[in-house]
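We have chain A already, so just place chain B on it with the hints.
Residue numbers (my numbering), protein chains in the order written: chain A, 117 to 410; chain B, 2 to 260.
Straight-line Cα separation of at most 25 Å, DSS-like style, residue types lysine-lysine; simulated pairs:
| hint | chain 1 | residue 1 | chain 2 | residue 2 |
| --- | --- | --- | --- | --- |
| 1 | A | K119 | B | K252 |
| 2 | B | K91 | A | K119 |
| 3 | A | K119 | A | K327 |
| 4 | A | K327 | B | K253 |
| 5 | A | K129 | B | K252 |
| 6 | B | K7 | A | K224 |
| 7 | B | K91 | A | K143 |
| 8 | A | K129 | B | K253 |
| 9 | B | K7 | A | K230 |
| 10 | A | K324 | B | K256 |
| 11 | B | K91 | A | K224 |
| 12 | B | K253 | A | K128 |
| 13 | A | K301 | B | K91 |
| 14 | A | K183 | B | K256 |
| 15 | A | K124 | B | K252 |
| 16 | A | K243 | B | K7 |
| 17 | B | K249 | A | K128 |
| 18 | A | K128 | B | K256 |
| 19 | B | K252 | A | K324 |
| 20 | A | K183 | B | K253 |
| 21 | A | K327 | B | K252 |
| 22 | B | K7 | A | K186 |
| 23 | A | K183 | B | K252 |
Sample of chain A residues at the chain B side, in silico, Cβ under 8 Å:
| hint | residue |
| --- | --- |
| 24 | K161 |
| 25 | V167 |
| 26 | L196 |
| 27 | N204 |
| 28 | Q220 |
Hints are computed from structural coordinates only; laboratory data are not their basis.
Bear in mind the structure is a predicted one, so any value in this text is a computation, not a measurement.
For every residue, glycine included, the Cβ atom is placed at its ideal position computed from N, Cα and C.
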Amino acid sequence: MLKIQDLKKVYKKNVALQGVSFSVESKSAIGLIGDNGAGKTTLIKCISGLVAPTSGSIYFNDVNLIKNPKYIHNTVGVLLEGARNLYNFLTVDYNLNYFSYLNQLSSKETSDRKAYLLKLFDAEKYKDQPVNELSRGTQQKIALMVTLMKNPQLLILDEPTLGLDLIATMRMTDLLRQIIQEEQKTVIIISHDMTLVSSLCDRVVYLKNGKVDFDEQINSIVNENIYEVKIKADNSMEEKIQNFDFPFRREDGIYVLEVHDMERMMKNKLLKENIISIEKQVNDLAHYIRMRSL
Amino acid sequence: MRRLIKAEWTMLMGEIKQYYLNYIFYNAGMVILFFGLFYNYYYEASDTKVLAMLICAILWQTCTNGIQYLCYLIQDEAMMGTLEQMFLTKTNFFSILISKIFVNLLFVILKGTLLFFVCTLLFHKVSMLMSVGFMKYIEIIIIIVITLFSFYCIGGVFGGLSLYYKRISSILNVVDYFLLMFTGIIGDIHSYNSFLQYIIRILPITNANILINGILSDCVSLGDVILFVVTVFAFIVVGIVVLNLLIKEAKKEGKLGQY
Numbered sequence: 117m118l119k120i121q122d123l124k125k126v127y128k129k130n131v132a133l134q135g136v137s138f139s140v141e142s143k144s145a146i147g148l149i150g151d152n153g154a155g156k157t158t159l160i161k162c163i164s165g166l167v168a169p170t171s172g173s174i175y176f177n178d179v180n181l182i183k184n185p186k187y188i189h190n191t192v193g194v195l196l197e198g199a200r201n202l203y204n205f206l207t208v209d210y211n212l213n214y215f216s217y218l219n220q221l222s223s224k225e226t227s228d229r230k231a232y233l234l235k236l237f238d239a240e241k242y243k244d245q246p247v248n249e250l251s252r253g254t255q256q257k258i259a260l261m262v263t264l265m266k267n268p269q270l271l272i273l274d275e276p277t278l279g280l281d282l283i284a285t286m287r288m289t290d291l292l293r294q295i296i297q298e299e300q301k302t303v304i305i306i307s308h309d310m311t312l313v314s315s316l317c318d319r320v321v322y323l324k325n326g327k328v329d330f331d332e333q334i335n336s337i338v339n340e341n342i343y344e345v346k347i348k349a350d351n352s353m354e355e356k357i358q359n360f361d362f363p364f365r366r367e368d369g370i371y372v373l374e375v376h377d378m379e380r381m382m383k384n385k386l387l388k389e390n391i392i393s394i395e396k397q398v399n400d401l402a403h404y405i406r407m408r409s410l
Numbered sequence: 002m003r004r005l006i007k008a009e010w011t012m013l014m015g016e017i018k019q020y021y022l023n024y025i026f027y028n029a030g031m032v033i034l035f036f037g038l039f040y041n042y043y044y045e046a047s048d049t050k051v052l053a054m055l056i057c058a059i060l061w062q063t064c065t066n067g068i069q070y071l072c073y074l075i076q077d078e079a080m081m082g083t084l085e086q087m088f089l090t091k092t093n094f095f096s097i098l099i100s101k102i103f104v105n106l107l108f109v110i111l112k113g114t115l116l117f118f119v120c121t122l123l124f125h126k127v128s129m130l131m132s133v134g135f136m137k138y139i140e141i142i143i144i145i146v147i148t149l150f151s152f153y154c155i156g157g158v159f160g161g162l163s164l165y166y167k168r169i170s171s172i173l174n175v176v177d178y179f180l181l182m183f184t185g186i187i188g189d190i191h192s193y194n195s196f197l198q199y200i201i202r203i204l205p206i207t208n209a210n211i212l213i214n215g216i217l218s219d220c221v222s223l224g225d226v227i228l229f230v231v232t233v234f235a236f237i238v239v240g241i242v243v244l245n246l247l248i249k250e251a252k253k254e255g256k257l258g259q260y
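This is chain A alone, in the form it adopts within the complex:
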C-alpha cells in the first residue's frame, strides 16, 4: 500500500504541494488528474525520489520512501512525461540491456524479462532498430518496456499517451490494461485523457492548487443519471436553486442546472413550472470534472 501523508513541497517562489494526503491500495490503479500546474508531476517526482519534499511522509509497503531511497529504486518504476526515457541513438535491444545493467538484473533475469516483454508488446521486430527510427507510439511502448524491465511493484505513468495518435492511444490503453491485469501492480496514472483514466483506474484523485480537491471511486461518479435542466431565470428563484445543492450556472436569461435527483427537483412546483428543457447527459469522468470546476 502506498500512503502519502500531509506532503508539502515549496519551491523558492511557489508552493507546489500544500499538504497532500491519500493512499493507494496494493494492486489497484488510480488516476491522478488536475489542471496544469496543480502539482501532479511534483507529487510523482516526490514519490520517486527525484524531488525532495519540504515536509510530510510517503510510505510504500510500510517503508518510509523519503528515508529509504534504495527501496524506491528496488520497487518503483516511473515512465516520465514525453519522449524522454531512452537513448535515441541506441537500438531497442541495447536500451533494454543497458537499463537492466543499471538495475542490476542478472543475465538470465534480463533475457527472460526481455523475451516476455518483447512478446507482450509485440516488439520483437523493432529489437535491432535505433529508437530514433521508430514512430512516436512505438518509442513510448519501448520506454514503457524499459520501465517494466525491473518488474517494479509500483508503476507510475506520467502522461503515457501524450502525443500519440488515436490508434496508438488505443493500443497503449490495451497494453496498459493487460499489464495491470497480468502483472498485478500498484499503478498511478497521470493523464489529461479521461477515457484512459476511466478505463484503467478504479479511483481518481483530483489535485487543485497543490491540494486534493476530491478523491472518488470512478464507479460512483460515472454511473449516475445526470440531466441538464434549463429553467427561466428569475432572481427570486436563485435562493431556491441554491438550496438544491445542484451545480448550476446562469447564462442568457436562463439557469442551467446539473440535476442528479430529478424526482426531488420535480417536487418543487415553482421550478417545475419554469422548466424550458431537460436533456440527459453523458456522465463520464470529463463531465464530472467539468461540473465540479464550475
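For chain B alone, coordinates are given in the frame of chain A:
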C-alpha cells in the same frame, strides 16, 4: 562494475557510430592543432623539449576533455530525459558516473597515444622516442592517468553547475584557454609573475607538467611530487563533494528534469 563498464563501452561505440561525422572532425581538429604545435617547435627545440611539449599538449587536450566530460554528459542526459532515469535505477548515480569516466578515460588515452605516435612518426622523430627509457614512459603514463582522473572529478563542479545554468560551455572555454596558456604547456612557468605562479600551482596539470619535464630531464624534486599528490587529491575531493551538494540542491529545487 565489470558489466557496467562493458555497457558503457558499448554505449560509447553506439554513440560514435551514430555521430561519426562529428567525431571524425573533432579529432581532425585535434590532429591539426598538434601538427601545428609540433611543426612550430620542430626546428627550434631539442628532442627532449619537443617530446615534453608534445606530451604536455596531449595532457592539456585530455584534461580539457576530462573537465568538460561530466558537464556535457549531464547536459546531454538532462536533455534526453535519461538523467532522471539514471537516478531511478538501483545503481548509485556516482557508480554510473565512475564507470562512464573510466570508459571515457580509456578511450581518451587510446586516442592520445595514437596521436602521439602519429606525430612522432610523421615528423621522423623516432630517435626522440627512443631517447627516453621505458620506465620513464610508465611514470609519465601514471602521472597522466592520475591528473586526468582528478580533472574528470573537478568536472563534477561544472556538471553540477550545468544542472542549474543548463548551458555553461562558455565557462569551460575560459578554463580550457587558461589551462593552455598558463600552465606551462606552451610557455615557461618561471616567466610568469609570482602571483600567477602561485595560482597555477594549485592546478594538478601544472604540477604534472613540471613532473613530466622533470622526468624527461632527470630532475624530479620531492616537493613537486608532494604538491602534485596534494592538488590531485584536493581536486578529486572538491569535485565529488560539490557535485553531491549540487545534486541535493537540484533535487530540492526540482531541477533534475529541467532543460
